[in-house]
Amino acid sequence: DAKTTQPTSMDCAEGRAANLPCNHSTISGNEYVYWYRQIHSQGPQYIIHGLKNNETNEMASLIITEDRKSSTLILPHATLRDTAVYYCIVRASGDSNYQLIWGAGTKLIIKP
Amino acid sequence: DTEVTQTPKHLVMGMTNKKSLKCEQHMGHRAMYWYKQKAKKPPELMFVYSYEKLSINESVPSRFSPECPNSSLLNLHLHALQPEDSALYLCASSHNTGVRLETQYFGPGTRLLVL
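Protein sequence lines correspond, in order, to chains A and B. Under our numbering, read the first sequence as residues 1 to 112, first letter to last. Under our numbering, read the second sequence as residues 1 to 115, first letter to last.
Hints may be right or wrong, so weigh each one.
[Claimed, not checked] Distance windows between CB atoms, simulated:
no., chain 1, residue 1, chain 2, residue 2, range
1, A, HIS40, B, SER65, 25 to 31 angstroms
2, A, THR26, B, LYS41, 19 to 25 angstroms
3, A, PRO76, B, THR16, 48 to 54 angstroms
4, B, PRO83, A, GLY15, 40 to 46 angstroms
5, B, THR16, A, THR65, 52 to 58 angstroms
6, B, MET15, A, ILE63, 47 to 53 angstroms
7, B, SER65, A, LYS52, 39 to 45 angstroms
8, A, LYS69, B, THR103, 19 to 25 angstroms
9, A, PRO21, B, ASN17, 42 to 48 angstroms
10, A, ASN19, B, THR16, 49 to 55 angstroms
The set of hints was computed from the structure by calculation and includes no laboratory data. In this text, a Cβ means the ideal position worked out from N, Cα and C, and glycines have one as well.
Work out the full structure, taking the sequences as your base and the hints as a guide.
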């Protein structure tokens, strides 16, 4: 199973773009990259996922390198409410697709 | 409605008590999950139910007993727990666990303290 590595913590100024990196150098061809975040004392919240192509939704953008060994989650205009632990996850397709392989997470602190 | 609800929010129990955690979703999802999360750690999968049948048990001790009475409800029965079982217990659901990938939606969790 692929594993992910993330920085332990990051700061970002409010209103600026927050760029959260993730390494997943052993990812397999059928494994997706997912991002969830967990605001203090709440359940994890789905943000975005992708396989090969870059993805964008109303919350964030996901940039995946061509070799798929790393990715970056971008929050384009961070607000104080984006302060949370962000988890980069790989997820297999097929029979094991229930399995989310969680990284240790990056604690993102948005500063006024 | 993309909400998963869990009750109670907080629970304190002794090692001889029997208690239950409840989870509910009305999204028509057919897969439901229990996770355990210790402080400053990512969630760990405990059980997966698919179409109301237990499909995955991640070697969880028998003092944790899951139950899925219907497609909207998931319970976790607790008996003879240990202090090290104190954690945040999270419920999640997804459309199904078939070949097609489905996003998991999480509830707010029940914070359990075992004395």
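Comparing the hints with the structure gives:
1. Separation of A/HIS40 from B/SER65 is about 30 angstroms and conforms to the stated range, judged on CB atoms against 25 to 31 angstroms.
2. Between A/THR26 and B/LYS41 the beta carbon distance is about 21 angstroms. The supplied range of 19 to 25 angstroms therefore holds.
3. Distance hint check for A/PRO76 and B/THR16: the Cβ-Cβ separation is about 52 angstroms, which falls inside the suggested range of 48 to 54 angstroms.
4. Restraint check, B/PRO83 to A/GLY15: a C-beta distance of roughly 44 angstroms satisfies the suggested window 40 to 46 angstroms.
5. In this structure the hint that B/THR16 and A/THR65 lie 52 to 58 angstroms apart at CB holds, the actual value being about 54 angstroms.
6. About 49 angstroms separates the C-beta atoms of B/MET15 and A/ILE63, a value consistent with the hinted range of 47 to 53 angstroms.
7. The hint said 39 to 45 angstroms for the Cβ distance between B/SER65 and A/LYS52, and at roughly 41 angstroms that hint holds.
8. Look at A/LYS69 against B/THR103: about 24 angstroms separates their beta carbons, and that is inside 19 to 25 angstroms.
9. Taking 42 to 48 angstroms as the suggested C-beta distance range, the pair A/PRO21 and B/ASN17 conforms, at roughly 45 angstroms.
10. Range check, A/ASN19 to B/THR16: Cβ separation about 50 angstroms, and the 49 to 55 angstroms hint holds.
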